[in-house]
Amino acid sequence: MPDLLNIEDLHLEFHTYDGVVKVLAGVNLRMRRGDVLGLVGETGCGKSMTALSVPKLIPMPPGRITAGRVSFAGEDILSKSESAMEAFRARHLGMIFQDPVTNLNPLFTIREQLVDAVLYQRAQGQAVPGRWRGFMPSARQLRRDAQARAIELMRLTGIPDGDKRIHDYPHQFSGGMRQRVLIAMALAGDPDLLIADEPTTALDVTIQAQILRLIRSLVKQLGLTVLLITHNLGVVARSCERVAVMYAGRVIEEAPVRELFKNPKHPYTRGLIAAVPQKDISRGGLEGIPGSIPNLIDPPSGCRFHPRCPHVMAACSGTAPPTVPVGQQHSAACYLYTEGA
Amino acid sequence: MSALLEVHNLRKFFPVRGGMFNRVLSDFRAVDDVSFALKAGKTLGLVGESGSGKTTIGKCILRLLEPTAGQIRYDGADITHLKQRELRRLRSEMQMIYQAPAASLNGRMTVGQIIGEPLWIHERLKGDAARDRVLELMHVVGLKEEHYYRYPHEFSGGQQQRIGIARALAVQPRLIVLDEPTSALDVSVQAQILNLLQELQDQFELTYLFISHDLGVVRYMCDDVALLYLGKIVEVAATEVIFEAPKHPYTQALISAIPEPDPDFQREEIIIRGDLAHSFPAGGCPFAPRCHADTLAECETVPPPLLEIERRHQVACHLHPAPPGKELP
Chain A
48 MPDLLNIEDL HLEFHTYDGV VKVLAGVNLR MRRGDVLGLV GETGCGKSMT
98 ALSVPKLIPM PPGRITAGRV SFAGEDILSK SESAMEAFRA RHLGMIFQDP
148 VTNLNPLFTI REQLVDAVLY QRAQGQAVPG RWRGFMPSAR QLRRDAQARA
198 IELMRLTGIP DGDKRIHDYP HQFSGGMRQR VLIAMALAGD PDLLIADEPT
248 TALDVTIQAQ ILRLIRSLVK QLGLTVLLIT HNLGVVARSC ERVAVMYAGR
298 VIEEAPVREL FKNPKHPYTR GLIAAVPQKD ISRGGLEGIP GSIPNLIDPP
348 SGCRFHPRCP HVMAACSGTA PPTVPVGQQH SAACYLYTEG A
Chain B
13 MSALLEVHNL RKFFPVRGGM FNRVLSDFRA VDDVSFALKA GKTLGLVGES
63 GSGKTTIGKC ILRLLEPTAG QIRYDGADIT HLKQRELRRL RSEMQMIYQA
113 PAASLNGRMT VGQIIGEPLW IHERLKGDAA RDRVLELMHV VGLKEEHYYR
163 YPHEFSGGQQ QRIGIARALA VQPRLIVLDE PTSALDVSVQ AQILNLLQEL
213 QDQFELTYLF ISHDLGVVRY MCDDVALLYL GKIVEVAATE VIFEAPKHPY
263 TQALISAIPE PDPDFQREEI IIRGDLAHSF PAGGCPFAPR CHADTLAECE
313 TVPPPLLEIE RRHQVACHLH PAPPGKELP
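Those sequence lines, one after another, are chains A and B.
Quick note: to get the working numbering, add 47 to the position in the first sequence (first position is 1).
Quick note: to get the working numbering, add 12 to the position in the second sequence (first position is 1).
Incorrect hints may appear among the rest.
Said to hold, decoys possible - Only pairs whose alpha carbons sit at most 35 Å apart, straight line, appear in this in silico DSBU-like list of lysine-lysine:
| # | chain 1 | residue 1 | chain 2 | residue 2 |
| --- | --- | --- | --- | --- |
| 1 | A | K326 | B | K259 |
| 2 | B | K51 | A | K326 |
| 3 | A | K267 | A | K309 |
| 4 | B | K259 | A | K69 |
As the list claims (entries may be wrong) - Far from chain B, by Cβ distances over 12 Å, these chain A residues were calculated:
| # | residue |
| --- | --- |
| 5 | E89 |
| 6 | M132 |
| 7 | D239 |
What the hints assert, rightly or not - Among the chain B residues that face chain A by a calculated CB cut under 8 Å, a handful are:
| # | residue |
| --- | --- |
| 8 | S62 |
| 9 | G170 |
| 10 | Q202 |
For the record, the hints were derived by calculation from the structure and aren't laboratory data.
Each residue gets a CB set at the ideal place from its N, CA and C atoms; glycine is no exception.
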């Protein structure tokens with residue numbers, strides 16, 4: 048079976064007044080249908096940019112893809128025109144973002160926004176050949192169907208009384224409920240891939256738990272493929288099957304979730320896990336990673352983590368380490384695991 | 013040892029205005045009858061979700077907000093009604109560190125000026141004497157000497173927070189209110205800052221009131237934890253007790269909701285219904301509409317008092333009545 052999503056050696060730059068920001072420097076990522084992949088990393092590591100390269104939502108300029116390929120179910124995405132992308136996004140992708148407040152229009156009711164989403168996805172999804180147009184249902188009928196579907200989506204995402212609440216405005220919903228509305232919207236076109244960019248970061252822990260449970264149940268019910276972007280390792284441990292860890296524009300380690308937490312290989316991954324205050328860590332026992340994330344206008348040479356790495360060697364500042372297998376479905380980009388280094 | 017800070021029946025209501033002539037329609041009870049004590053050299057965590065009133069409590073203690081009712085005692089003295097002039101002396105005793113490091117630093121001042129300003133205000137220290145003190149403080153929090161003439165925007169979030177910490181330490185306070193000091197930071201930097209705060213506490217015998225919504229951080233930092241829900245304390249106990257044997261249904265739900273970074277970690281997952289609702293049954297338990305436990309009839313009608321059910325373990329829940337004869341006033 049071909050991969051659903053295959054990102055190969057993706058390089059992305061942003062041209063700014065201060066210089067060229069090398070945001071992504073050779074990202075490799077593959078997802079198969081049914082995967083729930085967590086993309087983890089700290090601020091500015093490029094996790095959102097990697098995800099946004101799939102629907103091509105990166106503003107260009109200032110952005111520029113200098114090398115690499117993104118293919119979705121075998122189709123090359125980067126060469127698609129904008130109009131082709133519109134149809135592509137509607138048919139294959141759903142996205143949810145961090146902030147449920149700014150992603151809903153406060154001037155329209157949920158009904159208008161959700162029904163619009165359903166209608167748009169349907170219009171893009173099925174091009175009606177000209178001679179059948181006469182048999183098309185009326186606009187009113189389409190709207191009525193779309194509204195039924197919208198209410199169905201609200202039920203699916205756990206919004207009680209969908210048939211009544213659909214007439215409410217976004218401000219009448221709480222943060223968690225708004226995020227559910229956005230998930231409903233993202234599911235409107237039965238997407239092949241759901242990209243969730245920090246879906247619970249703006250929410251309280253109890254609401255976060257509700258939303259994560261919802262995503263897990265949708266994965267089970269609908270067989271969704273999910274790319275979950277987060278900076279929270281706890282969220283990954285709870286929701287994902289596989290994890291890719293990013294640092295300064297590269298995927299530096301990838302493994303099944305249990306393997307990654309039990310047997311992390313890359314020094315950055317180890318540092319990241321050790322930095323989370325967990326149970327059984329006594330006072331003073333928490334380890335941070337010294338230094339801070341590099342400036343990507345002038346990133347460190349070779350492995351971009353080497354100035355902060357406790358195991359730094361001579362080879363590290365030369366060229367970037369290749370990604371090598373370090374276990375069952377487990378790969379890391381570090382000279383500690385390349386032979387002869 | 014007596015408590016450094018005591019808070020008795022603190023209330024802070026904000027008027028809700030509207031209607032004709034912008035009348036006061038009702039009160040928003042941000043903090044409603046909160047009492048706790050904090051011993052010198054200890055760390056008390058104030059935990060709650062957004063809107064639970066934790067920051068308001070912190071600001072009332074520093075008198076950055078005027079409490080509506082209640083009493084705040086610092087070092088045995090009532091500071092609730094101190095005048096501005098007397099407050100200034102108190103300000104060198106208690107300081108605050110804020111959540112957004114970038115927003116709490118003046119972008120037009122250099123690091124040296126920012127850290128030096130409290131020295132001038134409180135001790136009339138200037139010139140070389142002030143400079144030496146500032147450099148010493150910068151060294152203590154892990155900033156380098158060459159940062160003295162830089163501006164806040166030239167620093168990363170973690171470094172900015174170090175500047176904020178140095179500024180708070182400048183007046184040699186005894187109590188520091190930390191309002192979500194690391195929630196804007198990445199985990200690797202958060203760990204650095206948390207460790208720094210612990211070192212400073214040991215070095216300068218500081219007392220912390222640690223406000224946070226992150227239970228993992230609270231478990232690491234605090235000796236005692238008070239949980240807030242809609243402006244009321246629902247449970248107070250030592251950190252181990254809160255995390256190992258929570259009694260209040262809200263505490264139990266909150267702790268079960270911590271995403272532990274351990275895929276093998278199994279625990280009963282309590283997912284509570286709904287979200288923080290600001291309309292709750294008048295007179296009843298504020299948590300009753302979301303409670304997952306078997307609620308009693310009085311949950312809807314009688315507000316549960318905060319009772320000491322075991323030594324140093326207070327819970328406000330009708331399901332956990334106090335042992336006979338040990339009721340707190």
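Check: Which numbered hints does this structure break?
Finding: Numbers 4 and 5, in rising order.
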